[in-house]
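2 protein chains.
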Amino acid sequence: MERINWISDIIVVVSPENIETMKTIIEKYGHKRVTVVKGGITRHRSIFNGLKVFAEDEFSCHLLQKPEVVIIHDAVRPFVEEDIVSKVVMAAKEHGAAGAIRPLVSTVIASAADGCLDHSLERARYRASEMPQAFLFDIIYEAYQQCTDYDLDYGTECLHLALKYCKTNAKLVEGTADLWKVTYKRDLYAAESIIKDNLSQQVCVITNVKETLGQVGFLLPESLKSQIKVEAISISLSKNDSRLQNIISEQCYNFVCINDKRCAIQETQELVDMLEKSNIPLLYPVVLILVHLDSSENNSFSIGMEDLTTIKKFARETKKKNILVYGLLIQHKDPLLLQETVNSAAALIMALIKDRSPELIGQLLVA
Amino acid sequence: MERINWISDIIVVVSPENIETMKTIIEKYGHKRVTVVKGGITRHRSIFNGLKVFAEDEFSCHLLQKPEVVIIHDAVRPFVEEDIVSKVVMAAKEHGAAGAIRPLVSTVIASAADGCLDHSLERARYRASEMPQAFLFDIIYEAYQQCTDYDLDYGTECLHLALKYCKTNAKLVEGTADLWKVTYKRDLYAAESIIKDNLSQQVCVITNVKETLGQVGFLLPESLKSQIKVEAISISLSKNDSRLQNIISEQCYNFVCINDKRCAIQETQELVDMLEKSNIPLLYPVVLILVHLDSSENNSFSIGMEDLTTIKKFARETKKKNILVYGLLIQHKDPLLLQETVNSAAALIMALIKDRSPELIGQLLVA
Numbered sequence: 001m002e003r004i005n006w007i008s009d010i011i012v013v014v015s016p017e018n019i020e021t022m023k024t025i026i027e028k029y030g031h032k033r034v035t036v037v038k039g040g041i042t043r044h045r046s047i048f049n050g051l052k053v054f055a056e057d058e059f060s061c062h063l064l065q066k067p068e069v070v071i072i073h074d075a076v077r078p079f080v081e082e083d084i085v086s087k088v089v090m091a092a093k094e095h096g097a098a099g100a101i102r103p104l105v106s107t108v109i110a111s112a113a114d115g116c117l118d119h120s121l122e123r124a125r126y127r128a129s130e131m132p133q134a135f136l137f138d139i140i141y142e143a144y145q146q147c148t149d150y151d152l153d154y155g156t157e158c159l160h161l162a163l164k165y166c167k168t169n170a171k172l173v174e175g176t177a178d179l180w181k182v183t184y185k186r187d188l189y190a191a192e193s194i195i196k197d198n199l200s201q202q203v204c205v206i207t208n209v210k211e212t213l214g215q216v217g218f219l220l221p222e223s224l225k226s227q228i229k230v231e232a233i234s235i236s237l238s239k240n241d242s243r244l245q246n247i248i249s250e251q252c253y254n255f256v257c258i259n260d261k262r263c264a265i266q267e268t269q270e271l272v273d274m275l276e277k278s279n280i281p282l283l284y285p286v287v288l289i290l291v292h293l294d295s296s297e298n299n300s301f302s303i304g305m306e307d308l309t310t311i312k313k314f315a316r317e318t319k320k321k322n323i324l325v326y327g328l329l330i331q332h333k334d335p336l337l338l339q340e341t342v343n344s345a346a347a348l349i350m351a352l353i354k355d356r357s358p359e360l361i362g363q364l365l366v367a
Numbered sequence: 001m002e003r004i005n006w007i008s009d010i011i012v013v014v015s016p017e018n019i020e021t022m023k024t025i026i027e028k029y030g031h032k033r034v035t036v037v038k039g040g041i042t043r044h045r046s047i048f049n050g051l052k053v054f055a056e057d058e059f060s061c062h063l064l065q066k067p068e069v070v071i072i073h074d075a076v077r078p079f080v081e082e083d084i085v086s087k088v089v090m091a092a093k094e095h096g097a098a099g100a101i102r103p104l105v106s107t108v109i110a111s112a113a114d115g116c117l118d119h120s121l122e123r124a125r126y127r128a129s130e131m132p133q134a135f136l137f138d139i140i141y142e143a144y145q146q147c148t149d150y151d152l153d154y155g156t157e158c159l160h161l162a163l164k165y166c167k168t169n170a171k172l173v174e175g176t177a178d179l180w181k182v183t184y185k186r187d188l189y190a191a192e193s194i195i196k197d198n199l200s201q202q203v204c205v206i207t208n209v210k211e212t213l214g215q216v217g218f219l220l221p222e223s224l225k226s227q228i229k230v231e232a233i234s235i236s237l238s239k240n241d242s243r244l245q246n247i248i249s250e251q252c253y254n255f256v257c258i259n260d261k262r263c264a265i266q267e268t269q270e271l272v273d274m275l276e277k278s279n280i281p282l283l284y285p286v287v288l289i290l291v292h293l294d295s296s297e298n299n300s301f302s303i304g305m306e307d308l309t310t311i312k313k314f315a316r317e318t319k320k321k322n323i324l325v326y327g328l329l330i331q332h333k334d335p336l337l338l339q340e341t342v343n344s345a346a347a348l349i350m351a352l353i354k355d356r357s358p359e360l361i362g363q364l365l366v367a
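As given, the protein sequences belong to chains A and B, one line each in that order. When we follow full-length UniProt numbering, the leftmost residue of the first sequence carries the number 1, and every step to the right adds one. When we follow full-length UniProt numbering, the leftmost residue of the second sequence carries the number 1, and every step to the right adds one.
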């Protein structure tokens, strides 16, 4: 809601024991338009408390300006898009009330007193009432003032109150599947996967301008392109580059740095500093993969423990900033196998980006 | 359904274009009681086709014996437990029909012709009708024979047909949350996470009987125990051990082998062979983590590329058998840091078990 700039105030209604936690969250993420209000013992009583902030002095240190339209939403529907919020608000302006609906996934039935089927509803005629809903403020506030204690204690549907007490038939707006309610443990799993999916849409591949990187620096972004949107830039990280700044400010959450030095910690630190300043890692972890190239002819080539210790230590430090660092070694002794090795590196990079595993930070994978 | 031994026949109704795929699946997993039947163009027509196998010669090469009770279930509800199937069947025996129900997650509303709210249903009075459902065969078959083309084309609810055409009020049985319908992409994510969760309940830690392993062989299982059920056994893999056989046959999907040799491929192959014979990796991937200990005093210790190549090659081979092999190196030069190193190894093991990433096979992680 903070991201939608035409919303002027945001009231978060929270149970008394969680108010301090909520205030900490609001401060951490720098939310500016949020007022926290104490919840009631039922859904309707909580919503009523939220509405009172605009109408009754006692509920807020500073009375907020009464809005024309108020949106009511559930925090358990975190994937709501601006588009549906906007549609519901426009419909509420015209009809006085509006709410998002979805097709029913299951048939709805009524049971008789003996626990047997009384009748089933024809699925096509009914809809699931979802959130967000929006109302002319005067209508919904009037409805809450008029409604009975029974409504406040046992009801759940705001559209019903607007209809019953203000004779307002809400406009129903077809919503999208992402309005679903995060209810069960499986929904938390789904939410986590959706967020990880959203974070895995784009990767920025940074190559240090060196001739020796030539082939891999070209082949690796190409191989990644079949799976993800790739921004490939060739710069020196020690110089402030505006293209890189742009990519960061466009909310890119994945970076691959290709170097010919084994542990280019110094250069990488510059990128970490830029990311930290950008606030990008505040909400979600950023993935940063350090790719080291090795083209030594020596068959007895080996990874030194010192390198491993260096990257591990670095990764532990950057994790505190919510940046997950992994190492990836690309060997390209045999030019005939180069494409294959690069493809295998791209597969490892995609796995690291998609999994975002905090346990695997500081490990050095080998392609 | 195959796992429930009191079910005598299983009819899988499949759209014509997927019949061959389904037959391949049935053969692959060795299902014995399954008959595949061609689906119709609607849900009800498909169910009717399934029922006809027990009553009409033309629908099956061999007429199956007519059952007393028939269970109807959706393939999109794969997490159904035997307990609820059993409850629904018992209720159907007594009442003629029965079905699982769940509380409504959203309020259900009826819309008027103008797209506005007509009325909302009191959520507490209604239930979502889920699957499985069960019926006395004669009742549901009679209902399908009697019902109209309109029912067959537009209806979705079997309980409704039993009520309408056979005056049978189905008994409603409260179901569990795992009856949910895998409908949207997010449900596939949730299903994947639930399966991975189920596979991450138990790990078998195998130590090769050697004095040098002593401390880690004891500390590692202890550290894992705070996060997962651990079966620790100390055996030589080259000998056929009945405890290991028991653990495998109890569907353990995670194995950790601790060795002091760097790449104990030979011994591990014995375990891979045992797993392959057990059919355990048929349905889900098995995770096999090879833990190598290194206690060399030499500071210039390094991982040879040869070792990496060996484990990678081995992992690629075993992946074909649906066994995911990862390497993990535990360094314990400094006795003071041993507990910390072991804890970090346990965290890596848990991450590998939970993620089951096919891309990271053959990698050597360092604790």
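The set of hints was computed from the structure by calculation and includes no laboratory data. You may find that some hints are simply not true.
Identical copies carry no separate label here, and so any pair may be met within one copy or between two of them.
Quick list of in silico lysine-lysine cross-link-like pairs, DSBU-like style, CA-CA up to 35 Å [to be verified]:
{"no.": "1", "residue 1": "LYS93", "residue 2": "LYS229"}
{"no.": "2", "residue 1": "LYS333", "residue 2": "LYS277"}
{"no.": "3", "residue 1": "LYS225", "residue 2": "LYS239"}
{"no.": "4", "residue 1": "LYS32", "residue 2": "LYS196"}
{"no.": "5", "residue 1": "LYS196", "residue 2": "LYS167"}
{"no.": "6", "residue 1": "LYS28", "residue 2": "LYS181"}
{"no.": "7", "residue 1": "LYS313", "residue 2": "LYS354"}
{"no.": "8", "residue 1": "LYS312", "residue 2": "LYS354"}
Status of the hints after comparison with the structure:
Neither within a single protomer nor between protomers do LYS93 and LYS229 lie at most 35 Å apart by alpha-carbon distance, with minima of 40 Å and 58 Å respectively. Within a single copy, LYS333 and LYS277 get their C-alpha atoms no closer than 39 Å, and across copies no closer than 39 Å, so neither meets the 35 Å cut-off. In the homo-oligomer, the alpha carbons of LYS225 and LYS239 lie at most 35 Å apart inside one protomer (26 Å), although the nearest pairing across protomers, at 49 Å, exceeds that limit. For the identical chains of this complex, LYS32 and LYS196 are intra-copy neighbours only, at 27 Å inside a copy versus 40 Å across copies, given an alpha-carbon limit of 35 Å.
In the homo-oligomer, the alpha carbons of LYS196 and LYS167 never lie at most 35 Å apart, since the shortest distance is 44 Å inside one protomer and 51 Å across protomers. In this assembly of identical chains, LYS28 and LYS181 lie within 35 Å of each other by CA distance solely inside one copy; the values are 25 Å within and 38 Å between copies. When the C-alpha separation of LYS313 and LYS354 is checked against a cutoff of 35 Å, the pair qualifies both within a copy, at 23 Å, and between copies, at 24 Å. In this homomeric assembly, LYS312 and LYS354 come within 35 Å of each other (Cα to Cα) both inside a single copy, at 21 Å, and across copies, at 22 Å.
When each numbered hint is compared with the structure, violations occur for hints 1, 2, 5.
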